[in-house]
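Given chain A, work out where chain B should sit, using these hints.
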Amino acid sequence: MQKLLSIEWLKLKNYRTFWILIALYVVLLPMLNYEIANSLGSFTFNGMSVFTKSYAFPDVWSNMGCLNSYFITFLAILVIIITTNEYSFKTNRQNIIDGWKRIDFLNAKVLLVVILSLLATVYFFILGSGFGLAYSGSANNLLSGYDKIFYFFLLSVNYLGFAMMIAMWIKRSGLAISLFLLYSIMIEGILQKILNWKLGSNYGDFLPLQSSDELLPFPMMKMAAHMMGANIQATVPQYFVIATILWCVVYYFICRSMLLRRDW
Amino acid sequence: MQPVLSIQQISKSYGPIRALESVSFNVPEGSVFGILGPNGSGKTTLLGIVLDVLVANGGSYKWFDGMSADAARRQIGALLETPNFYHYLTAIENLEITAAIKERGHEDKLRVLELTGLLQRKDSKFLTYSLGMKQRLAIAAALLGNPKILVLDEPTNGLDPAGIAEIRELIVKLSNEGITVIMASHLLDEVEKVCTHVAILKRGNLLVTGHVDDVLHSEDQIEVRADDLKALQQLLTGMNGIKKIQPGSNTLLLSCDAAVQPAQINEYCMQGGIILTHLLLRKKSLESKFIELTN
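Keeping their order, the protein sequence lines are chains A and B. The first sequence finishes on residue 264 if you use the numbering used here, and the numbering steps up by one all the way, no holes. The second sequence finishes on residue 1295 if you use the numbering used here, and the numbering steps up by one all the way, no holes.
One chain only, chain A, in its complex shape:
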């Protein structure tokens, strides 16, 4: 495992695109959050500043979590580029010729997905703590709502794993990125609505990426509740945690069967 990771690192450490995308993620994320936190703070309702709590503990985790989950797309595109590079350089073949098993190629990319997700989660924790401290003035309640941090990790593995699967399936970066964006932004939303409407229940919420989106829902609902002065703690059905994990396992086995059976 360590061997696979160290080889992935050799492939990436001098890859400029990798560092540019990481830098964009690292720089843009706090800037956007800062912008939103500020504009929310100046947003008043009947002369009262209603959103000041959005970036205070514990709400910072759910609100920032939802916002940051859109940014995972950056890392998903990075995963697609890294994976399709192997196909366009035919280095996937060369790795095998040089002595990897086919499954090693998959496991190395899975490790990359997990590590990137871990790093993104750590960064989420750092940013969340920073904003939370700034907006609530104390570290009380810092870890209430910590489940959101775990959800963010799951969501990240789900998105990046899905991106990896698309990349291994399509093999070409432009097409794979387009398909990923099209699916995550449009197709899944439409499918979700159709399923929920046709089946008369929330089955559509269990679609691959949506099952994770449900873990960090759009905070408008809660904001509205805040506006009314209520303090409702939204609960997340554990079903979505299970669904997310199951989807990740499904991606793994789809990739595995693609890689073991296909010509390279």
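Note that these hints are calculated values from the structure, not bench results. Quick reminder that beta carbons are idealized off the backbone N, C-alpha and C, glycines included. You can trust all of the hints, since none of them are fake.
Non-contacting residues of chain B with respect to chain A, defined by C-beta distances greater than 10 Å in every case (computed):
#, residue
1, 1008
2, 1011
3, 1030
4, 1040
5, 1117
6, 1132
7, 1166
8, 1186
9, 1190
10, 1203
11, 1234
12, 1242
13, 1243
14, 1257
15, 1259
16, 1279
Calculated pairs, DSSO-like style, for lysine-lysine (alpha carbon to alpha carbon, straight line, at most 27 Å):
#, chain 1, residue 1, chain 2, residue 2
17, A, 90, B, 1062
18, A, 3, A, 171
19, B, 1125, A, 13
20, B, 1062, B, 1202
21, A, 101, A, 90
22, B, 1134, A, 13
23, A, 90, A, 13
24, B, 1134, A, 101
25, B, 1125, A, 3
26, B, 1148, A, 101
27, A, 13, B, 1122
28, A, 90, B, 1122
29, A, 90, A, 3
30, B, 1062, A, 101
31, B, 1134, B, 1173
32, B, 1148, A, 90
33, B, 1193, B, 1173
34, B, 1134, B, 1193
35, B, 1202, B, 1289
36, A, 3, B, 1122
37, B, 1148, B, 1122
38, A, 171, B, 1134
39, B, 1289, B, 1193
40, B, 1148, A, 3
Here is chain B on its own, set in the frame of chain A:
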């Protein structure tokens, strides 16, 4: 001798196209084994299968008498079809990845770069390399860490004449050191100069395999000329051991038994009162033999 690679009835099709049909042969240890065939005969497909980048529809192969396939591949230096490297990395960084996967050869990078004439460009990105340099880097990567077997698919692709000669010398040198070389090529000249064994493929079928002298054995021909060709032809018709006389534009082409040497012909003609103005032993070219075999 123990075969280092044993191929058993490998078949492969791409949709309706049969790329390989039940191909079997053994590669003896220490040989320079040429896989020959015209374009599209299945050479690269066969090598792709034994290197596990392609999946056969049937049959099996064994490296080193049954070593696990990935461990075996780490003992093999291989170049398949094209040089495959990370474009954005330098030669030395690319070789580092190769060495890491092979789990050996880390200290060997500069030696193989030197051997392939790339030492001065070791810190240039692969992207900036010319076709010939890319091919050289692929050969360097194959040589990394002294492999027991080299698998080279069209190794002289894209190289200049000097490069081709260098690679040829290198193959002979490595073979003398005991390394087994498996080489696919459609350049007969290349095979003729370095190979000890061959397998000839045509449209996915194995036509023949064995020692190069056995497979490509053919009788020699002798070319003669004299001022009076007609008289010469008449005279030679009476000579023992000459099987066929083909008149050319101003020469006669003689197909003879193996025992008949040019000296005997010269002597025979002298005694018959004809002085030869031209006498040439012509080895039947591999090319004509190859065309004969594959047509």
